[in-house]
Each structure stands twice: as structure tokens, then as C-alpha cells.
Amino acid sequence: MEGEDKEMSKVFVRSAGLIPVGEYWEKSIGELMYEAASKAIESAGDVKIDRIIVGNMFSGYGTHQEHLGALLASVLGMAGTEALKVEAACASGGMAVHEGYLSVKSGEYKNVLVVGVEKMKDIDTGHLTKALAMAESAEFTQAVGATFISLNALLMGAYMQRYNVPEDQLDYFPVIAHKNGATSPHAQFRRAVSLDDVKRSPPVAPPIRLLSSAPSGDGAAAVILSSEKGDVEMLASETATNELMLFQRDNPLEFKATKAAFAKAIKRAEITKDKIDFIEIHDAFPVVSALSLEAMGFSEEGKAGRDAESGKYNLDGELPIATFGGLKARGHPVGATGVYQVVEAFYQLTEKGGKNQVQGAKVGATQNVGGVDTTSVVHILRRVS
Amino acid sequence: MLPISYWRNRKIYTRLLGSRCKKCGAEFFPPVKVCKKCGSREMEELEMPKTGVLVSFTKLTEPSYEFEEYVPLYLGFIRLDNGVQLVAPLADVVEEELKPGARVEATVRKWAEDGEEGIIFYGYKFRVVKQP
Ligand SMILES: [Zn+2]
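Going line by line, the protein sequences match chains Y and F. Heads up: the first sequence begins at 1 in my numbering, then just goes up one per residue. Heads up: the second sequence begins at 1 in my numbering, then just goes up one per residue.
For the record, the hints were derived by calculation from the structure and aren't laboratory data. Predicted model, so just to flag it, every value in this text is computed and none were measured. Some clues are possibly wrong.
[Said to hold, decoys possible] So the derived list for chain F, only partly shown, Cβ under 10 Å to chain Y, looks like this:
1. 5
2. 8
3. 13
4. 15
5. 24
6. 28
7. 32
8. 59
9. 61
10. 63
11. 64
12. 86
13. 96
14. 100
15. 124
C-beta: ideal position from N, C-alpha, C; glycine also.
Chain Y extracted, bound-state conformation (with noise of 0.2 Å):
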């Protein structure tokens, strides 16, 4: 708008909340969003929210409850304030993180409020699993009965025929997670798991195993981000796409996605790689941790299981993952997932981390896919000194 501009903002996190991922039987999408949106409004001081963004993936599939900008804001008693819905599959939470971080950064919003929720208890797995494969094609893949957990055991065939990688190896990623999980107060399985017990789990769809693979749970959480000088500032948020059908992809075992999101993401948070302290990946399923990881460069391709049995990964390791638990054991509410990861890296970035605390750390990322690396969303986070 011609005389109207408005100078690029800074963006900072001002506070977060959420609530464990669980089952909440007696709570409805609305009031899952109320309860984190509520923790981090009371810890943001006096704040007027000017924007609300809510990321979720099927809440009219799943809930028949559209709407959720409006109905959030009319939750808050908030009616008035501007609202709308973002939906980017399983990077539902991670865009809508995005699009209040652009809408902070043009200058044009103060406080922006972004929650992201899901409800997938709902409905009895036979609906939870065509919702979310509506993350891929409805006439080329949920046609054929390919599912989201198929798509990716076939993708983990691929790898470890392609790289000669045993299940055993990247089995390690669950483990991982599990560990972190057992001593997060908002993981929805608070317990460590072996790398026998994940090897001697049911299989759900082969190499796919029921502890290599995310559960589904109920889940909220939200941040407010402010143009106000904060204790941790969003340096980088950048997304990008791949192919929507991972089949359709020259090479299904390259997550262009995130290389692409994460590269933007470094170059605009004028950081090297190496200056990262912890990353909250989208370890969904043990083959999307390995590829984001290699995609980003943190292993070389092929490695990354290799990486994560040597303890690289780990909570005490050069570069930890998952260090609430992550996808697979904090839980992987979709379209909250995003969220969860950003208040995450705000928690350990202003040392709220308790026993999970990473310490030292200064700078930390997320990194959040819908599909199978279909659309991937990169965030980079500095603490404030």
C-alpha cells in the first residue's frame, strides 16, 4: 500500500503454552485450543492480541468443526480480533507459526497469536487413517488403499535397500525419543524404550513397526509473537514444496522440501550450520528422521541411522533431536505438531528444558513436514542475551 509502509519488524517469541498430548474424552477442539492458548496469553503480560492464526489439519473431517480462527477468538472472548485458519497437512502448526512470523516481521501486526490443535480421538482409526492420508493424493493414492503409514514403509524399503541399512539402525530413532519422553512432563508416553522393544513390537505395515512409528493424540499448543524485544527471537521461518505424490518424485529418497526450507532458513538467520544447538526434527517415522537429517546435512546420505546408534543424537550428543520426546513420544497431534516444536525450542532457550534442559543452548531449530516431505517448514531460534 503506496505511503502506508510499515518498517520490517523483528520477531520474538513472547510467551507459550500447551497441554500434554493425551486423550481428552471430555474436552472439545475448542476448548483444547482455550487451555494452551490461555497458558500463553497469562504469561505474556499485557498484551493486546491483534491476529490470530490457528494451524490444524482435518478438524472438519474429524470433528465437523470448521471455522477455528472465529471460534478460537470467540473462546478467548476475543470476538473482534481477526482470525483465520491455516492447513499445510502435518505442517499445519509450523505454517501458521509462519504466517504470524510474516505477519510480526511486515510491521502491519504487534501480537500475534498462533495455536495449533488437532483432535484425532474423535473418530476410530479407519476414518483417522483416509484423514490423514488426505495429506497425498485422493485419486492416485487413497484410491488405491495406500495409506500415510504405507507410503513411508515403502520409502524405508527404499532406503535401506538403496544404502544397505539394516531396521535395527535406524530403530535407533525411536529409541532416542523414548528416552527424551520418559523425563518430559508433557509427553504423551512418558516411558524409555528398548531397541529390542521396538524390534519386537507389532509390525503396522513392514519395515513399520508400532514403536517406530508416531502415535495419534489430542493436542494444543500455542505461542504469541510479539515486535516487542523478548528473550528469544525468531530468526528464520521459511517453507518450501516438493512433489505432492512422493512417487511422482524423481527420487523419493531426497526431501527437497526441507534441504530448500532449511537452506533459506540459514541464509536468512545469517547463521552456519554448525551454530545450531538442538534441533526438534519431524521424526514422524524413523526413515523421515534419517532424510531430513541428511537432507539438512547434519549426516551424510545414508548415515543418519549410523549417526543416531553412535549417540550424536542424543539429549547429551553433539546435536540433540526430539528433546521432549518428539513426535514419537512427546505424540504427534498433526496439525499441532508445529506448534509443539516452537514452544519447545522457547523452553529451552529461556531454560525451562528441567531434566530435559540442553544445556548451553543459544540457538535451536524445528523442522515440520505435511506429507511425506511435501511441504516442509524450517524455524531458527536464538536466545536473547
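Using the hints provided, position chain F with the ligand relative to the given structure of chain Y.
Then chain F with the ligand, alone, in the frame of chain Y:
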């Protein structure tokens, strides 16, 4: 699947109808509007080869509600002889024969039924080629 969606795609599902770029010759399945190689919008219909190799496979026991009566569902990541890749259901499965690199061929089989009264959805499934 919505019956209307099946009807729209019936030729694609039963003939493996894809597309070829008139400019650069790149081939695609399912059909595309814009060439992913050169960006051209001049595409023509092309039937895919009916043979290829099995890259990987899985056995699905928790499908979406539409396929619950057909478990276990075997699915393959298939690379056709023209290099085009797709995910497809597998038919006539003998588990011991499912191996990465196995030769497979397309057949047309029942995918699912739209309930008791609805239409039957038919489409491509792949099976391992029997050694002569
Ligand atoms: Zn072309």
C-alpha cells in the same frame, strides 16, 4: 472413494493412462497438466508400459475404513519399464515371491466396493511375473 471421482478417472485406472510431453518427451503417471521436466503445457495421452520392477513393498493391516474388509492389503512401490514410478496394490500375492527387484505386470482387479448397493471400483493391480 467418491463414485464420481472413480467415474472421472476410470480410463486412467483401467488402462494406466498417463501423459507424455510433446516438447521433451518426458512421461508421467498419473497424467500431468504441466511437464515437470521442461515446463511445457503441451501434453498428450500415453498408456504406460504394463511391466516393471518392484522396488519395495508392504503389508497393510490397518487401512482406511474403505478397505477394512480387504486386509491384509499388499502395496508396492513400482518402477515401470519407462522409469515412471507409482504406488499400486499387489494381486495374487505369494509372500515369498515379493522381493525387491522382482518383475511385475499390471492387471485389472477389484479395488473396493462402494458399500452394499454402490458401484464396484476396478483398477490396476500388479502381480509378480511367474518364471516360465
Ligand atoms: Zn517436457
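Okay, the hints, checked on the actual structure:
{"no.": "1", "hint": "5", "verdict": "holds (6 Å)"}
{"no.": "2", "hint": "8", "verdict": "holds (8 Å)"}
{"no.": "3", "hint": "13", "verdict": "holds (7 Å)"}
{"no.": "4", "hint": "15", "verdict": "violated (14 Å)"}
{"no.": "5", "hint": "24", "verdict": "violated (14 Å)"}
{"no.": "6", "hint": "28", "verdict": "holds (7 Å)"}
{"no.": "7", "hint": "32", "verdict": "holds (8 Å)"}
{"no.": "8", "hint": "59", "verdict": "holds (6 Å)"}
{"no.": "9", "hint": "61", "verdict": "holds (7 Å)"}
{"no.": "10", "hint": "63", "verdict": "holds (6 Å)"}
{"no.": "11", "hint": "64", "verdict": "holds (4 Å)"}
{"no.": "12", "hint": "86", "verdict": "holds (5 Å)"}
{"no.": "13", "hint": "96", "verdict": "violated (14 Å)"}
{"no.": "14", "hint": "100", "verdict": "holds (5 Å)"}
{"no.": "15", "hint": "124", "verdict": "holds (8 Å)"}
Hint compliance for this structure: hints 4, 5 and 13 are broken, all remaining hints hold.
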